[in-house]
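Protein chains in written order, with my numbering: chain D, 1 to 115; chain E, 1001 to 1148.
Since the hints were derived computationally from the structure, they do not count as laboratory data. Each residue gets a CB set at the ideal place from its N, CA and C atoms; glycine is no exception.
Derived list of chain E stretches under chain D, where covered just means 3 residues or more per stretch with a C-beta under 8 Å from a C-beta of chain D:
{"no.": "1", "region": "1009 to 1015"}
{"no.": "2", "region": "1045 to 1055"}
{"no.": "3", "region": "1088 to 1101"}
Residue strings, one per chain:
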Amino acid sequence: MKKKSIEKNFTKAGIPELAKEQLEALPKAVSDVYKFLQEKEDVPFPKKYYAAQKTLISLEIRELKKSNPELGLASVVGLMIQKLPDFIPGNRIVELTKFIIDEWERLEKHELVNA
Amino acid sequence: MIGETYELSNSPDLHVFTFFSEGEKGRIQKVIIYSIIQENLYNLAFGDFVNGELDDAVISNNADLVKVMNTVVKSVYLFIEEYPDRAIYIEPVDRKRSVLYHAIFSRRYDEITAIFEVTALNEKKQWVPFESGKSYLAFQVERKSTIK
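The following block holds chain E by itself, in its conformation from the complex:
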């Protein structure tokens, strides 16, 4: 259902995931971190781990974007499966990432919403159910109380 993914390694608590993107630019270590931001709300941080440092400013252009994003989605599934009472908060840092996150939620709408409740923060700063084709400031993903 998620599509092709990279092999994920994770910490036992599933707050830190890592995998290696393999593409035109070589082998790049990626990290996904779920840091607590409020009670039962976790910020999804995603970036490269280069020379022992984190970098979320670069867009690697390793020609494997779909596979990388599938892998991030897989970590969301795993995290929420382990902690069903927690929600994940995603706020794009720039326009490129905003376009990317909107595209992921729009293209994978049916499969994502079959399991998750996706709410989005609109321009009026109101949390509303995510609708494809609309523009949002941030997203929250949580497990549906009743899964289809």
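Looking at chain D on its own, in the form it has when it is part of the complex:
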């Protein structure tokens, strides 16, 4: 699978990882925030971040449904999940997978109603 080189050194907060010496060279106000973020197990303001992820996923699923209406659920999940940044924790991947399935099934039901 093609890897996105840009994400190799991202922390779980979705920001690039800085070396200790880089952190120490920062003004205190920034280094305090950066240290806090680097220790976090999730993105800052997760409610907002995952709401945004879901908005973007739902838009992509709509496009996918238009271009590949017969695609199987496993393929849909695979296609959508592989686009997520690598730092997304397992529990969030589970949450987003459920969201992807619900969205795809909702569109399928909508299609049946309108058929």
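Using the hints, position chain E against chain D.
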């Protein structure tokens, strides 16, 4: 062009900015974070850094809203200048912030669109060019391929 701003401190990669709002309620540390959400798309998160914790639920009411927003806009300029192939995604969390973001894009339309392409997500969930006076669910800001 941006107007009066606070002095920004930033990480070397320009993903984290911080500044101090100074107003009626005292000195409040603000943070702006650009977290990757998709390839070349970054979520703008903005809030207070209080007692070593992030807080985006409060609206500080420090009587310096314009200056604070100018400072956030400045960070957008800096981020996009450094990473011209990246776009910034902004989704308001509540009605207050939605009104605020619409106001910023509407009032600063000419100067923002001189440099940036602003697309907005409408109620039909379609990305369209931002138009002042209309209501949107989210915004995307990216550098124009040709700057006026």
